[in-house]
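Colleague: In case you want the letters, here they are:
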Amino acid sequence: QKEVEQNSGPLSVPEGAIASLNCTYSDRGSQSFFWYRQYSGKSPELIMFIYSNGDKEDGRFTAQLNKASQYVSLLIRDSQPSDSATYLCAVNPGGFKTIFGAGTRLFVKA
Amino acid sequence: SAVISQKPSRDICQRGTSLTIQCQVDSQVTMMFWYRQQPGQSLTLIATANQGSEATYESGFVIDKFPISRPNLTFSTLTVSNMSPEDSSIYLCSAGMGGGAGNQPQHFGDGTRLSIL
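Chains as they are written, first to last, in this note's numbering: chain A, 1 to 110; chain B, 111 to 227.
Honestly, I wouldn't trust all of these hints.
Stated by the list, open to error - Taking beta-carbon pairs under 7 Å as the criterion, some of the chain A residues facing chain B (in silico):
#  : residue
1  : F34
2  : P44
3  : L46
4  : F49
5  : N53
6  : G54
7  : F96
8  : T98
9  : A102
10 : F107
To be verified - Capping the alpha-carbon separation at 25 Å, the derived lysine to aspartate or glutamate pairs in DMTMM-like fashion look like this:
#  : chain 1 : residue 1 : chain 2 : residue 2
11 : A       : K56       : A       : D83
12 : B       : K117      : B       : D136
13 : A       : K42       : B       : D174
14 : A       : K42       : A       : E3
15 : A       : K2        : A       : D58
16 : A       : K2        : B       : D121
17 : A       : K97       : A       : D78
18 : B       : K117      : B       : D174
19 : A       : K67       : A       : E3
20 : A       : K56       : A       : E5
21 : A       : K2        : A       : D78
22 : A       : K109      : B       : E164
23 : A       : K2        : A       : D83
24 : A       : K56       : B       : D174
25 : A       : K97       : B       : E168
26 : B       : K117      : B       : E196
27 : B       : K175      : B       : E196
28 : A       : K56       : A       : D27
29 : A       : K109      : A       : D78
30 : A       : K42       : B       : E164
31 : B       : K117      : A       : E5
32 : A       : K97       : B       : D136
33 : A       : K109      : A       : D27
34 : B       : K117      : B       : D220
35 : B       : K117      : B       : D197
36 : A       : K42       : B       : E196
37 : A       : K109      : B       : D197
38 : A       : K42       : B       : D121
39 : A       : K67       : A       : E5
40 : A       : K2        : B       : D136
Since the hints were derived computationally from the structure, they do not count as laboratory data. Quick reminder that beta carbons are idealized off the backbone N, C-alpha and C, glycines included.
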C-alpha cells in the first residue's frame, strides 16, 4: 500500500513566523512531489512541486525534498493569517495516479 | 495552468435518484480524475478517465454506481447513481497537465457539494 503521511495538526504559528509542514512517503521510487493548499469549502490549489533533491523556492514558499529519507517538507516564511488552510502533500509513485496525504491544518495567529 | 469548470457546484438530491457532474477543461488533457472528499478528510480517488477507453476504478468504486464518460480530450462526466445519504460528499474532478504525464501536477475544479436527503 503506497502511503503519504502527514501530521494532521493543527499547526499554530504566530504571524510573521516560519511554518514548517512535513510529509513522508512510503514508495522509494516516487519521483514527483506536490504541495496543495485547500481553504475550507474550496478545492485544492497547487502551490509547489518538486522533482529533485534539495530546495525549491517560490516567493515565501520553499519545498524541500530528501529522497533518501523519503521526506518532503514545505516552509512558509513570514506566515500570514491568509495562509491559514489545510496543506496537502501529494506524491506520484509512478504512472498517472497521485497519492494524497490527509493534510495538515495550519493556523496563523494575527 | 488550465481552467477547470465543474458543475453543478452543489445540489441536494433525493435518495434513489442519480446526478451527473460535468467537468470541462480549457485545454486538451490526456488524463482526468474524479475524487471524493468527505468533510475533514483527504481526497479519495474514484476513477481515472482516459479519453477513448473505459475508466479505471479504484478499489471500492464500481462502474454501475459511478459511471464515467470521457467523450473527448476536454470533457468528462461522473454520474452518482441510486444515491443514498452515504454518497453525500464533495466530488472533485482534476486534470493532469503536461499531456497527462504522471509527473505533472493535477489541477482541480471547484468541486460539487452533494447532499442526499
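Colleague: Compare the structure with each hint and give your call.
Modeller: Each hint tested on the structure:
1. F34: 5 Å, holds
2. P44: For P44 of chain A, the interface hint holds, since the closest Cβ of chain B sits about 5 Å away, which is under 7 Å.
3. L46: 5 Å, holds
4. F49: 5 Å, holds
5. N53: Hint violated; N53 of chain A Cβ to chain B Cβ min 15 Å, cut 7 Å.
6. G54: 17 Å, violated
7. F96: 4 Å, holds
8. T98: Holds, about 6 Å.
9. A102: At 4 Å from the nearest chain B Cβ, A102 of chain A passes the 7 Å test, so the hint holds.
10. F107: 15 Å, violated
11. A:K56 <-> A:D83: 19 Å, holds
12. B:K117 <-> B:D136: 14 Å, holds
13. A:K42 <-> B:D174: Roughly 28 Å separates the two Cα atoms, so the pair is violated.
14. A:K42 <-> A:E3: Given pair K42 of chain A, E3 of chain A holds - Cα atoms ~24 Å apart, limit 25 Å.
15. A:K2 <-> A:D58: 28 Å, violated
16. A:K2 <-> B:D121: At roughly 33 Å apart (the allowed maximum being 25 Å), D121 of chain B and K2 of chain A break the hint.
17. A:K97 <-> A:D78: Since the Cα atoms of K97 of chain A and D78 of chain A sit roughly 33 Å apart, the hinted pair is violated (cutoff 25 Å).
18. B:K117 <-> B:D174: Measuring from Cα to Cα gives roughly 21 Å; hence the hint holds.
19. A:K67 <-> A:E3: 15 Å, holds
20. A:K56 <-> A:E5: 21 Å, holds
21. A:K2 <-> A:D78: 34 Å, violated
22. A:K109 <-> B:E164: 48 Å, violated
23. A:K2 <-> A:D83: 29 Å, violated
24. A:K56 <-> B:D174: It is violated: about 44 Å lies between the C-alpha atoms, which goes past 25 Å.
25. A:K97 <-> B:E168: 11 Å, holds
26. B:K117 <-> B:E196: The given pair, whose Cα atoms are some 21 Å apart, holds under the 25 Å limit.
27. B:K175 <-> B:E196: Judged against 25 Å, a Cα distance of about 13 Å means the pair holds.
28. A:K56 <-> A:D27: 21 Å, holds
29. A:K109 <-> A:D78: Given pair K109 of chain A, D78 of chain A holds - Cα atoms ~12 Å apart, limit 25 Å.
30. A:K42 <-> B:E164: 29 Å, violated
31. B:K117 <-> A:E5: The hint is violated at about 31 Å.
32. A:K97 <-> B:D136: Cα-Cα ~21 Å, so holds.
33. A:K109 <-> A:D27: Since the Cα atoms of K109 of chain A and D27 of chain A sit roughly 35 Å apart, the hinted pair is violated (cutoff 25 Å).
34. B:K117 <-> B:D220: 9 Å, holds
35. B:K117 <-> B:D197: 17 Å, holds
36. A:K42 <-> B:E196: 21 Å, holds
37. A:K109 <-> B:D197: 35 Å, violated
38. A:K42 <-> B:D121: 16 Å, holds
39. A:K67 <-> A:E5: 15 Å, holds
40. A:K2 <-> B:D136: Not OK: K2 of chain A and D136 of chain B at ~32 Å, beyond 25 Å, violated.
The structure is inconsistent with the numbered hints 5, 6, 10, 13, 15, 16, 17, 21, 22, 23, 24, 30, 31, 33, 37 and 40, although it conforms to all the rest.
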